[in-house]
Each structure stands twice: as structure tokens, then as C-alpha cells.
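Undergrad: Here are the chains, one letter per residue:
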Amino acid sequence: MEDKIIIKDLNLYFDTHHVLKSINLNIKANEILSIIGPANSGKTSFLRTLNRLNDITSAVKISGEILLDGMDIYKKGISLPWLRRKVGMVFALPVPLPRSIFENIVYGPRLNGVTSKDRLEELVEKTLKSAFLWDEVKDRLHTSGTKLSGGQQQRLCIARSLALEPEVILLDEPCSGLDPLSTSKIEEALYELKKQYTIVLVTNNTKQAARVGDNVAFFLMGDMIEYGSSEHIFTVPNDKRTEDYITGRFG
Amino acid sequence: MLKPIFWEQVMKKILFVGTAITVFILFFIIFYILKNGLAVVDMEFLLSSPKDFGRAGGIFPCIVGTIVLSLVAIIIATPLGVGTSIYLSEYTRESKLTSIIRFGTDCLAGIPSIIFGLFGFVLFVVYLGLGWSILSGGLTIAFMILPTIIRTSEEAIKSVPDYYREVSLSLGGTKWQTIVKVVLPSALPGIVTGIILGVARSIEETAIVIFTAGSVLRIPTSLFDSCRTMSVHFYILAREGISMENAYGTATILIITILLINAFAYWLMHRLMAKYS
Amino acid sequence: MKSRENLIQFGLLIIALSTIVILLLIALFILKEGLPIILRVGIKGFICSTHWSPQQGQFGILAMIIGTAWITAGAILVSLPLSLSCAIYLSEFSTPKVRGTLKPIIELLAGIPSVVYGFMGMVILFPLIRNYLGGAGPSILTASVILGIMILPTITSIAIDSLQAVPHSYREGSLSLGATRWQTIRMVILPAAKTGILSGIILGIGRAVGETMAVIMIAGNSVIIPKSLLDPVRTLTANIALEMNYATGDHRQALFATGIVLFITIIILNIIAHTIARGGVEK
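As they're listed, the protein sequences go chains A, B and C. The opening residue of the first sequence carries number 1 in my numbering; numbering runs sequentially from there. The opening residue of the second sequence carries number 1001 in my numbering; numbering runs sequentially from there. The opening residue of the third sequence carries number 2001 in my numbering; numbering runs sequentially from there.
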């Protein structure tokens, strides 16, 4: 499979704090890459370099290259809205905007200039179906998104990011606050989604990484310790630290 | 061992008495004005023009003057104030520039209204030739209430959680789209609170109005007309001893208006705070 | 798209500079109108002379400076015991619910128009003072009491905020060492909140110095050096407001010059409050 994203010698600093240290990593198209590691290992910061959301904080310094389809996304003149439409994101906390389910989903497309009502309705139905939420909410699309349960909210957030028709989806511990049933629904959705999208999943749950990840990267203190197929990492890891982490001996 | 506890009891009582006196003073003022003024107030008083310099008749022109002057002030001050607070909270980190702007805002908040009056008189009434008019008065009052609107709006904008901004940006929104579609709507109750408090301040104001809008007792027909607000009318009635009765009546309307406005502002702010905590 | 965003940012920057521009404009116009007379009479002749008779071309404002100082000092004396009691009681002894109700109510005092305060001084305090202390009524005492009440909410509100900003662990630490609540307040909380309370008091002083309409109604407005609390005095603000509508020429310039003195006083008070507050934050 071809490489969707190529990361070369990526370093990230917040003020003087060295958050990511020389990361080199290739992310293949239509795979689910899981990123695991203990708290403060730089997983979330790494994820946010891929859609340049770290740029909000101006104390951030970055070096190295991130190539999306061969194009450096840190090149001068790159439009951030364009990049973020191409690389969608789902956050750890489900955050529906304080408006209706329908309005949440069409928020992105509308900003991008989609105004046709038919097109917007079609998008809402399609994305809610992809996120396995359509059947639960189709009769109340115009009620507030904040009234849904936690698991439904998170699937709404996934649908919302799909509405931009991205090529890559970043998920930052999307199931951290959810019950097992909601989690399995989201995992089911991810499994379907990877047919169309490239997915990067940050997770605290090593079992989840083993279940849905094609490949796994293990981060520790800003270093990428090990990268390999799920099967490999979870059965015969090369590094002692990886083994310690996945067997729960630290972290 | 008894002594410290004894002291605590004594101090607690003293502090309680101090608090009670303060609250009593407030209620006394409100009660006293309303007791003497409510009898004067009826529809006739509200809707008819004063006769004989205010000795008889109502206060209708002053009500119109007050409303128009506050409106002009708000229309000028709101874009400046909200714009400043957006800049301070969304576009900069704390720097030399922001601390200068903040210091300027604090200073402006501390400037006595008589100085604003002098300034508005020279700049608008004399220098720009606007005369004693609603426009001169509205502009000057706008400058006075600017700090109130800036501070309240800034607080409201800062209370909008960062994750809303991140969501909007991650969905391909530009910074400005994010501010207009997500941040401002969420901060709206707080911003409106600031505007309402600004209205309250412009209703209370007397010195600036006398210096820049004059005190002509007629219903204004254009922005270049002079007008008399309720505060100014009350001041003239009371100080020149024209009519105590009508002074109490005017003060009653003033106090009731201010009470309602403040209650509404607090209610709105409370709603905003409850939403995010 | 990018250039539009930059344009918006630039526009907002210009708007954000408006407060500074307004402040500078105020300084510029007041100075332009008032400075010539100060230069002609001399700073000393203007500030240190007690002779104010515009018809004779004498422009000394010392009497007004003294009047302002007396009334301001009196107002602080009236206000401090009440506002500090309120602040300490509401922050340290009352329940959050009582505090949440009473704080806005006390802040409502700031919403009552200053002319109404002046009026209350006329109808309530004048007769009381005439009957029990003598004099006509308009006096330093009347103005001090009324101004003291007017600046109550400013000081109380800032003091409550500063007391509430003291970390809870300080209270727990002191109480767990066996101190009573009052001892904790006196030895731990008040010292920690000192800077905030002080800057609140200075802002209160600023409000008292700047108050105009209420003072005109109750201070008597005589240009004399007061010998007792029952003497009438004129403040700097009253001087401007009373004579502005008929002043011309040098006289008008002298009123603007009075404004300069007032403006500088307020800016200095603000700088002090700012410095104190910042010192508190850094510590």
C-alpha cells in the first residue's frame, strides 16, 4: 500500500520543552494506525501536528517535514482551513457545538461554501450512516446535539468530521470517556471507515489498539520507541519498554 | 483559651453590623425615593410634557432624551468595545501592547465624568461644531462606557471553552469564521450584559450630558438637537428647588429603570456562567 | 482568504487602540485649552494660591485642592469601616449563597445615579446636621458621608474579589494549626489580600476625587479654607461644573487648567493602583 503521510525527522517544542524528538514514520493509505503510550508521551501533540492544530499556541516551534500525498504541510502558503478539511479530527471529549445535530454536521461544509439544501441533507444522512448513528437520530435531527448520550455525541463528532469529506481522520482517544457498548459501536464504525479513509487513532487502551489497529506506534517521553504491525507489537515486541507497557508493568 | 474565641465572636458581630448597615443604606435610599415618588407617577406623568419648567406636567421629553442618548452611545461604543475585546482575547497573547491597551482601558474607566464633559465640550460642541446635541453627548458618553463594555465582553469571550474553538478550526473554519460562528454566539449573554451595564451608566450620567447635550426641555427631532435626560431634569428640579414632588417622581422612574436594568444584566451573566461551569 | 483574515486582524488592532487614542485625545484637548493660563500664572501661582476671583484675573485653586482633599479623606474614613466589614464578612463568614445574593445588591449601590445621592444628602443629612450639629447643612461632613457611601461598592467589590482569591489552603493550613477564624483572617488572609484591597481603596479615592454632581449639591461650594468639618467647601470638580457655562477667556482656560490638575491626579492614582495590583500578582 502507498504511503499517505510521510513524517521526516519531526521535532516539536513548547517553549523550551522538547515534546517530540526526531519522529520518523510513514502512515499508509487506508490503514488504521494506532498510537499508544503512557500519559505525556507526546501522542496527542503528535496527532495535532498532522492538522497543524498546535499552531494555535504561538509558543510552539517545529522542525522536520510532514508530507501529505508528497506535499509538505508546513510549507509557506499552505491554507490551514484547506489542510484541516483534508485531515479531519475527533477529540477525546465529545464536543458538539451548541446547535442542532443537523447544524453540527453541516457546520464545516457551510464554512466551505456548500449552500445547497439537498446537498447538505444528503451529507447529513450519509455521514450519520457511516458513523452508525443515523437510525438513532434520524427523527430528531433538529434537536440539540448536546442532548445526545456521550457515545452518541462522539459518533456525531465523527460524522461531523466526515462531512468535510477528508482523506485522513485523526482520533484523539475517542473512547476514553465511553462505556464498552459505545466503544464497540465506534470501533465497528472505524473498521468500516478505513475502507475510504486513512485513520490515525491515539488510544490509552492497548486492547483497542490490538483490536482495530493495522499498525501500531509506541511513544514514550516524546520518542517513538517502536513501530510495527499490531500482530508483531502485541506478540513479540522488539523493545523491552514496549513489552513492559503493553503488559501493564508501567504507565 | 477562651479569649481568641471570644474575640472571634465579637469581630463577627461587628462585621455583621457593618454589612447590615451597608445593605440598610441601599434599601433606605430606594425605599425613601419610591415612598415619596410613587404617588406622583402615573401615565399622565410619563406621557405628558412638563409645564412651567417642570413645576407641573410630566417628563415625556426627558424619557425620550434619555432613550435616544443611550442608544446613540451604545451604537458607537458597542463595535469599539466588542472589537477591542475580541482583539485582546483572540488575536494576541499577553504582551507589551496588550498591557498598554489594558492600562489605557483602566485609566479611561477612572476618568471623572466632568473631564469627559470638558473634553466632549471642546472637541464635539466647539471644535467640530456639533453644538449641544444628542450626537455630541452620545459620542462623549460612548467613550465613557467603553471600558465597561470591553471588560465585560472580554470576560464573556474568555469564558467560552477552548475546545469549541478547536472544533471549529479542525472543521476547516478560519479564525474569523470561528469567532463569528462559535465564539461570539456563545459569549453573547455576557456581551449583552456589558452593553446593558453601559446603558445603565449612560442613564445615570449627568455632568457629561449638561456639558455636551445641553438641557433643552423639548422632544428632540434630530441628532443635532439638544435634549434633557431624566438625570439632568431631576438635578435641575432638585437643585433649583423647582418642584420637589416632580423631582421625587423623576427619581422614582430613574431608580426603577436602573434596578430593572441591573437585575436583567445579572440574570444574563448568571445564565452565561451556569452554562459553562 | 488569508489576506482577508489579515485585514480583519489589522482592523481589530486599530479598534483595540481606540481607548489609547481617546485617552490621548482627552489629554491633548484639556492641555491645549488649559496649559496657557498655567504657564502665564506659573504652576506655583496656580496651585499654591488661595485667591480665586476670575473677575479680577486671580486664578489660585489651593482652596479647591484643600476642599477636595478634605472631602476625599472624609469619604475614605466613612467608607473603609463599612466596606471592609462587608468584604470580610461576606468573604469569610457568610455562606456562598448569601455572598452571591448580597454582592450584586451592594454593587447595585454603584448603579444609583450620583444626583440621587446628592439629593439624599440634601433631604436627609442637611436637616440632621442643622438640628444636631449646627451650621447650614452643606459642608465637608455631608459631602464626606455621601461620597463615602458612593464609593462603598467600588471598595467592597474589589476587596471581596481579593479575599476570595486567597488560596483555600492558606485558610485550612492556619485553621488546622488551631487558629480561630478571626486569627486566620487577621494574620493570614488580610496580609495575603492586602495588595488587592489597597488598589481597591485607591480606585475608591479616584472616584471620590472625580465625583461632581453629588458634591455640588451638598458641599456648599464656597471658595474658603475650611476651619471645621461643618464649613462649606468647593472641590476641583465643582469649580469646573459651576462656572463653565458662563466662563470666557482666561477664566475658561483656568477651568480647563483645573481639569488638568484633576486629570493628572486621576492618572497618578491609576498608575499607583496598577503598580500595586501588579506587584501583588508577581508575588
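What the hints contain is simulated information worked out from the structure, not anything from laboratory work. C-beta atoms are modelled at their ideal positions from N, C-alpha and C, and glycine is treated no differently. Worth double-checking, as some hints may not be accurate.
As the list claims (entries may be wrong) - Covered by chain A, according to a simulated footprint, are these stretches of chain B (three or more residues, beta-carbon under 8 Å):
hint	region
1	1068-1082
2	1230-1239
Said to hold, decoys possible - Calculated from the model, a selection of chain A residues having no Cβ within reach of chain B, i.e. all distances over 12 Å:
hint	residue
3	Lys8
4	Asn26
5	Asn51
6	Val90
7	Pro94
8	Val95
9	Asn104
10	Asn112
11	Asp118
12	Phe132
13	Ser161
14	Asp179
15	Asn205
16	Gly228
17	Ser229
Undergrad: Each hint: holds or not?
TA: Hint by hint, here is what the structure shows:
1. 1068-1082: Result for this restraint: violated, n = 0.
2. 1230-1239: violated (count 0)
3. Lys8: At about 24 Å from chain B, lysine 8(A) clears the 12 Å cut-off, so the statement holds.
4. Asn26: Asparagine 26(A) is indeed farther than 12 Å from all Cβ atoms of chain B, at 23 Å.
5. Asn51: violated (6 Å)
6. Val90: violated (9 Å)
7. Pro94: About 10 Å separates proline 94(A) from the closest Cβ of chain B, which leaves it inside 12 Å; violated.
8. Val95: Given a closest Cβ separation of 5 Å, the condition is violated.
9. Asn104: Not fine: 9 Å to the nearest Cβ puts asparagine 104(A) too close to chain B.
10. Asn112: violated (6 Å)
11. Asp118: Holds: least Cβ distance 21 Å, greater than 12 Å.
12. Phe132: It holds; phenylalanine 132(A) is separated from chain B by about 20 Å at its closest Cβ, greater than 12 Å.
13. Ser161: violated (7 Å)
14. Asp179: It holds; aspartate 179(A) is separated from chain B by about 21 Å at its closest Cβ, greater than 12 Å.
15. Asn205: holds (21 Å)
16. Gly228: Correct as stated: the minimum Cβ-Cβ distance to chain B is 29 Å, above 12 Å.
17. Ser229: With a cut-off of 12 Å, serine 229(A) remains clear of chain B, as the shortest Cβ separation is near 29 Å.
Checked against the numbered hints given earlier, the structure breaks hints 1, 2, 5, 6, 7, 8, 9, 10 and 13 and satisfies all the rest.
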